[in-house]
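Sequences and hints are given; from them, build the entire structure.
Here the protein sequences come in this chain order: A and B. Start counting the first sequence at -2; every next residue gets the next number (our numbering). Start counting the second sequence at -2; every next residue gets the next number (our numbering).
Certain hints may be false.
Since the list gives no way to pick one copy over another, a pair counts as held whenever it fits inside one copy or between any two copies.
In the DSBU-like style, the derived pairs of lysine-lysine whose C-alpha atoms are separated by at most 30 Å in a straight line are [as the list claims (entries may be wrong)]:
no., residue 1, residue 2
1, 38, 48
2, 119, 132
3, 119, 48
If you are wondering where the hints come from, they were derived from the structure by calculation, not from laboratory data.
There are 2 protein chains.
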Amino acid sequence: MGRWEPDARERLVRAALDLFSEQGYENTAVAQIAERAGLTKSTFFRHFRDKREVLFGGQDVLAELMTGAISSAPAEAGAVEAVEAALVATAETFTDERRAHGPQRLAVIAGNDELRERAALKMVGFAVAMTDALKQRGVPELEAAVAAELGVLAFNHGYERWLETGGDFAEVARRTFSDVRAAVGSLVA
Amino acid sequence: MGRWEPDARERLVRAALDLFSEQGYENTAVAQIAERAGLTKSTFFRHFRDKREVLFGGQDVLAELMTGAISSAPAEAGAVEAVEAALVATAETFTDERRAHGPQRLAVIAGNDELRERAALKMVGFAVAMTDALKQRGVPELEAAVAAELGVLAFNHGYERWLETGGDFAEVARRTFSDVRAAVGSLVA
DNA sequence: CAAGTGATGGGACTTGGTCTCATCACCGTA
DNA sequence: TACGGTGATGAGACCAAGTCCCATCACTTG
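Right, here's the structure in full:
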């Protein structure tokens, strides 16, 4: 793999996360991240589109899991059930190791505008992906959009809850999604 | 006002919009925008935080209108009614002149990742602002978040509809929001 | 052992964005 | 009319993000 040590990508992520925590995102240069990882700026940009992306790896995998679950949901399932299945399907990526960096990662993102911006784009990406997958099942445009948006909302709240409580993400996601449904019920009542 | 001609900010916006349309966002340098507006790079960054922001002026005013409407909604109004009032309250900013650039602006934004990212952040900003305003009215956290999210969804769809059909934005917003409510109804049924 | 492949190093280059200081128009006041 | 203050602008140095191109090295395959 690498010229000398393997796992260049993982090393870059760790170095970035640590440096961002130590000195802040904007006070950390890409060259510095690369240096700590034993690599160079060139290699960094070969692994990540830009400086922000080092904190958002694997988000495309999540989107694929979501759309896959929606597409393969039983025919009788409604839009809401399909979206719940989408959230549950992402559980396989939420490992203990990922949970360990979670809070650190969230803190860094919360402290910088560029990163909050990127996070927002990722969420829009999820919403668009789920909306399209729902429409392909025959769900009307607006209903699909609403269901997807509720799914993203539940996903975010569920993620934070999972970081606090731990356990199986699928379980937490189901509970959070159920709370969101209840909130919708209260609203329209 | 300006050293020579007035309306520096407006001139920059027009120059940027035209250049982005002509040659694309990423092929246009800030110095070039400033030059066409008869100004310099320095002045550009005095008016806008960054290159993207030149396309998103006035979004903070929108957020204030939204939160203001929610705060001053009648005490009997529920979360949903308050959010509807928030959308209607933004109508005063949607002038004919703004509608004229609308499609051009949307096309530029749709064609570039950085700009879609910024747009996403703006929408998150709306959602957070409305959520906070609703919580201050005593609406429970999750209900507030859901209502705000539905509001943003309706706002976006309403904006696009308004660009197509024209007329009073308040009217279009009310209709779109009603459609969203109907979609929610179909979902939970 | 030779050739090919893939990841890396290195450096030049453009541009976004910051910072500092000088300059000019305008306004009120003496 | 002359003066000083204020606010917006111009100009240029400077840093870091991101792109590009080419050389280099490790590893694999025949």
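Point to revise | Violated hints - listed by number, lowest first | key: Violated hints: none; all satisfied.
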